[in-house]
Amino acid sequence: MSDFLTLCKTHDVKTLYAFGSSTTDHFNEDTSDIDLLIEIENNDPIKRGENLMNIWDKLEQFFQRKVDLLTNSSIKNPILRQEIESTKILIYDGQKQEISL
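Take the sequence shown: its position 4, counted from the start at 1, is 4 in the UniProt record's numbering, and no numbers get skipped.
It is worth saying that the hints were derived from the structure and are not from the lab.
All of these numbers come straight from a predicted model, not from anything done at the bench.
Certain hints may be false.
As the list claims (entries may be wrong) - Calculated cross-link-like contacts (lysine-lysine; reagent style PhoX-like; alpha-carbon spacing at most 25 Å):
#1 Lys14 <-> Lys58
#2 Lys47 <-> Lys66
#3 Lys88 <-> Lys9
#4 Lys96 <-> Lys14
#5 Lys88 <-> Lys58
#6 Lys76 <-> Lys66
#7 Lys58 <-> Lys96
#8 Lys76 <-> Lys14
#9 Lys9 <-> Lys47
#10 Lys76 <-> Lys88
#11 Lys96 <-> Lys47
Please construct the entire structure, taking both the sequences and the accompanying hints into account.
This is the structure in structure tokens:
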């Protein structure tokens, strides 16, 4: 897990939540992707974008499966937002620098 902690710290992750099937009993080990909601600390839009692109690839390598990565600002659909809120589980807290896997 120290690799995961380092990955989050290196990319300025503020919070990282899992949501969707990976947090329910609908997860299929063979076919399911992992849905993640991420917030990056960095306020520089270029650096934040670079961090998002870089960590996205690294998260797919870490989990060995496809990752759908969303940010709060990218969620425009209120039904999707409600679904995320109802299933999300905090897996990394940047303020505490703590993993909850």
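Going through the hints against the structure:
no., hint, result
1, Lys14 <-> Lys58, "17 Å, holds"
2, Lys47 <-> Lys66, "23 Å, holds"
3, Lys88 <-> Lys9, "21 Å, holds"
4, Lys96 <-> Lys14, "10 Å, holds"
5, Lys88 <-> Lys58, "21 Å, holds"
6, Lys76 <-> Lys66, "22 Å, holds"
7, Lys58 <-> Lys96, "22 Å, holds"
8, Lys76 <-> Lys14, "21 Å, holds"
9, Lys9 <-> Lys47, "14 Å, holds"
10, Lys76 <-> Lys88, "17 Å, holds"
11, Lys96 <-> Lys47, "22 Å, holds"
Hint compliance for this structure: no hint is broken.
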